[in-house]
Amino acid sequence: MSARALLLYLASMSVAFAEPIVIGSKAFAESYILAEAGAQLLESKGYEVDRRFGLNGTQIAFGGLENGRIDVYPEYTGTITEVILTRPELTELEEIRAALDARGLLLLDPLGFNNAYAIAASVVSSERLSLQKISDLVDAPPLRIALPHEFMNRRDGWPGLQAHYGFERDADGIDHSLAYEAINTDMVDIIAVYTSDGQIVQSDLVILDDDLEFFPRYLGAFLARQEIDPGVLQILETLSGRIDDQRMRELNFEVLNPEVSYAQIATTFLRDEGLIAESDEGPTALSNLVKNTQRHLKLTAIALILAIIAGVGIASFVYPHRRLADVFLYFTGLLQTVPSIALLALLIPFVGVGQTPAIIALFLYSLLPIARSTITAMLAIPPGYRQVAAAMAMTRAQEMKYVLMPLALPHVIAGIRTAAVISIGTATLAAFIGAGGLGDPIVTGLALNDSNLILQGAIPAAVLAILTELMFGAIERSLVVPHMRGSARAT
Amino acid sequence: MAEFAAELSNVRLQRGDVVALDGVSLALPSGRTTAILGASGSGKSTLVQLIIGLLSPDQGTVATLGNPLPAENLAEIRKRIGYAIQEVALLPHMNIRENILLPARLSGWSDKDKEVRLKELLQLMQLPGSVLDRYPHELSGGQQQRAGLCRALVLRPELLLLDEPFSGLDTMTRRSIHAQFLEMREKIPISIVLVTHDPEEASRLADFMVVMRGGQLQQFGTVQAVLDQPANDYVRDLCTGLAEDLE
Chain A
1 MSARALLLYL ASMSVAFAEP IVIGSKAFAE SYILAEAGAQ LLESKGYEVD
51 RRFGLNGTQI AFGGLENGRI DVYPEYTGTI TEVILTRPEL TELEEIRAAL
101 DARGLLLLDP LGFNNAYAIA ASVVSSERLS LQKISDLVDA PPLRIALPHE
151 FMNRRDGWPG LQAHYGFERD ADGIDHSLAY EAINTDMVDI IAVYTSDGQI
201 VQSDLVILDD DLEFFPRYLG AFLARQEIDP GVLQILETLS GRIDDQRMRE
251 LNFEVLNPEV SYAQIATTFL RDEGLIAESD EGPTALSNLV KNTQRHLKLT
301 AIALILAIIA GVGIASFVYP HRRLADVFLY FTGLLQTVPS IALLALLIPF
351 VGVGQTPAII ALFLYSLLPI ARSTITAMLA IPPGYRQVAA AMAMTRAQEM
401 KYVLMPLALP HVIAGIRTAA VISIGTATLA AFIGAGGLGD PIVTGLALND
451 SNLILQGAIP AAVLAILTEL MFGAIERSLV VPHMRGSARA T
Chain B
492 MAEFAAELSN VRLQRGDVVA LDGVSLALPS GRTTAILGAS GSGKSTLVQL
542 IIGLLSPDQG TVATLGNPLP AENLAEIRKR IGYAIQEVAL LPHMNIRENI
592 LLPARLSGWS DKDKEVRLKE LLQLMQLPGS VLDRYPHELS GGQQQRAGLC
642 RALVLRPELL LLDEPFSGLD TMTRRSIHAQ FLEMREKIPI SIVLVTHDPE
692 EASRLADFMV VMRGGQLQQF GTVQAVLDQP ANDYVRDLCT GLAEDLE
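Heads up: the protein sequence lines correspond to chains A and B, in order. Numbering-wise, the numbering used here puts 201 at position 201 of the first sequence, and it's gapless, one number per residue. Plus 491 on top of the position in the second sequence (first one is 1) and you've got the numbering used here.
Be aware that a few hints might be false.
Chain A is nowhere near these chain B residues, computed Cβ spacing over 12 Å in every case [stated by the list, open to error]:
#1 Asp-513
#2 Gly-532
#3 Gly-557
#4 Glu-578
#5 Val-579
#6 Lys-605
#7 Leu-660
Calculated cross-link-like contacts (lysine-lysine; reagent style DSBU-like; alpha-carbon spacing at most 30 Å) [stated by the list, open to error]:
#8 A:Lys-401 / B:Lys-605
#9 B:Lys-570 / B:Lys-678
#10 B:Lys-570 / A:Lys-401
#11 A:Lys-401 / B:Lys-610
If the Cβ cut is set under 8 Å, some of the chain B residues that face chain A in the computed set are [said to hold, decoys possible]:
#12 Ala-566
#13 Lys-570
#14 His-584
#15 Leu-593
#16 Leu-597
#17 Pro-680
In case anyone wonders, no lab produced these hints; they're calculated from the structure. Backbone N, C-alpha and C define an ideal beta-carbon position, used for all residues, glycine too.
Take the sequences, apply the hints, and build the full model.
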């Protein structure tokens with residue numbers, strides 16, 4: 001692709017991504033379904049939607065909302081009071097809304113379900129020991145209790161619950177996903193669950209009533225920026241009250257079926273509710289692939305072009321000064337050792353989530369191989385060439401054009417090639433901070449344990465890396481005379 | 492034309508801890524060939540690099556083609572100088588035609604002028620036209636050195652600075668290139684400074700001889716004068732090939 005075609009392509013991309021509604025989701029199935037339902041509903045009303053799904057953690061999702069890179073995402077009242085506002089005393093919706101108002105945010109009417117911690121007993125144990133509510137645990141005989149590790153240590157988990165109800169019982173730690181297996185096979189009597197867990201649908205469980213009201217409520221609701229288009233809010237509010245606990249469990253249960261994607265589940269739900277027409281199609285795998293690939297190329301191309309300009313520019317400036325070159329290579333080398341996911345996370349406080357931090361991170365990773373190979377190549381040029389160039393009265397620019405760049409070019413191309421291939425790979429991680437690209441299906445697939453989805457990102461990313469390698473081979477063949485080719489392979 | 496191709500007056504130059512030149516004064520006559528003879532580290536290459544302004548003296552003065560250096564118009568002066576070195580430094584990404592004509596291209600010559608000059612130079616240096624489309628690594632050492640001389644001569648310089656251009660060549664090739672060198676000297680009135688560590692080469696090709704040792708001038712005179720009346724034992728030993736530090 002010529003430089004001009006590339007620029008035109010980038011320009012068209014930036015137009016295509018102008019001003020859509022940006023919807024985020026966290027990295028678990030329920031959040032994906034809710035966000036996707038909202039996205040499809042908006043798209044059916046003619047809005048353009050940019051999906052930033054799979055944001056890893058409340059800090060990233062909420063951070064994106066606060067700095068305006070995300071317009072709306074599904075959140076929980078309990079998370080808002082406990083984690084975001086750190087004011088657990090707020091319980092009423094109006095109090096929470098008032099506190100959010102001060103931060104420029106608004107909470108839509110809840111969707112209708114509560115995704116809180118709950119204590120569940122197997123039907124067998126419940127009947128045998130007549131367990132109906134949590135206070136029944138106080139006087140019950142010894143029980144086999146298995147709890148998720150984090151629940152064992154949280155203030156709003158097991159220790160707080162025991163203090164609140166006034167009992168003390170031993171419990172074993174267990175992975176959340178294994179707890180259902182354990183109770184279904186009657187290995188334990190009591191587990192902790194989320195009230196909207198899909199597995200509840202196919203397990204014979206009794207959820208014990210929280211009769212002394214210990215657990216805070218985690219009502220699902222869309223959290224939005226106040227600057228958002230009011231029309232968007234109106235559309236999203238049509239979802240309010242439509243998803244009760246049972247419905248949410250069923251939707252979460254469907255995701256466990258690897259044959260069905262969360263997008264299809266959201267489509268079916270919206271159709272069942274009569275919110276979209278039968279003919280409305282969700283995004284197809286192909287359109288997603290095209291969109292993700294475009295975004296992936298956009299991120300890496302912008303980062304790479306900037307890194308080439310900066311890397312070659314800085315290298316030509318610092319290479320005559322040996323110490324400066326060493327210092328520069330040392331620091332870019334240090335940057336390279338920062339794990340990519342850590343670098344992405346470190347950038348969030350400064351530039352938020354989305355494409356900007358992804359481009360910055362990819363830029364920093366590309367800088368070293370490009371600058372290093374350029375500096376090394378310049379230093380490796382025998383001094384005789386420079387003497388002859390000076391004796392020919394070449395200007396600095398002429399020396400660069402006729403002598404230094406052509407001699408350094410094979411090495412520089414090798415450095416750019418390495419940087420490009422690294423970037424294609426690293427860009428998949430950008431999806432963790434909502435930058436999109438081919439990492440999107442990978443992150444989603446990991447979160448939903450859907451290997452089909454993982455492959456939809458992994459295979460095109462691998463193909464893209466191979467194509468990039470081949471493309472640079474072609475570039476080298478067109479720019480470098482045969483006997484100077486392949487003399488350099490950047491490490 | 493200036494009376495002297497290059498004039499050095501009481502030049503001192505230190506490179507790192509080493510005194511490369513110490514109190515050297517020289518006036519190299521125009522239109523003649525001067526050989527600078529010395530062993531490695533004698534400062535002979537440093538002299539040439541001072542003359543073309545690649546180095547500047549710590550003390551003393553240098554004037555090239557009548558212009559005191561450093562000069563505002565150094566680029567203009569350099570265009571009147573041809574420069575060839577032992578490693579030749581033909582650019583590997585250009586073919587021989589492009590290499591030879593690069594100075595003309597930088598000076599904005601027309602294609603016609605370039606072709607005419609190219610023909611003259613090939614004839615002068617006895618290079619076959621078939622080498623023009625080849626790349627430097629496809630040529631023999633002697634052909635590369637001839638191409639390097641063509642490049643040095645392309646702008647019709649007044650002064651030709653040659654830094655051991657024939658040192659890497661085998662004896663036969665060197666003989667034949669010496670013959671062409673002498674022929675060239677006959678045809679074009681040009682000032683030449685030839686750096687060499689070979690007394691035979693110096694005496695065969697040059698009119699004047701400068702003998703250097705450890706950055707100090709030992710003797711400067713016509714070839715005949717230096718050979719007949721060496722200023723000291725070192726010069727005598729050097730000229731008879733007996734000096735121990737000779738390569």
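Here's how the hints hold up against the structure:
no., hint, verdict
1, Asp-513, "holds (23 Å)"
2, Gly-532, "holds (17 Å)"
3, Gly-557, "holds (17 Å)"
4, Glu-578, "violated (4 Å)"
5, Val-579, "violated (8 Å)"
6, Lys-605, "holds (15 Å)"
7, Leu-660, "holds (16 Å)"
8, A:Lys-401 / B:Lys-605, "holds (21 Å)"
9, B:Lys-570 / B:Lys-678, "holds (21 Å)"
10, B:Lys-570 / A:Lys-401, "holds (19 Å)"
11, A:Lys-401 / B:Lys-610, "holds (27 Å)"
12, Ala-566, "holds (4 Å)"
13, Lys-570, "holds (5 Å)"
14, His-584, "holds (4 Å)"
15, Leu-593, "holds (7 Å)"
16, Leu-597, "holds (6 Å)"
17, Pro-680, "violated (21 Å)"
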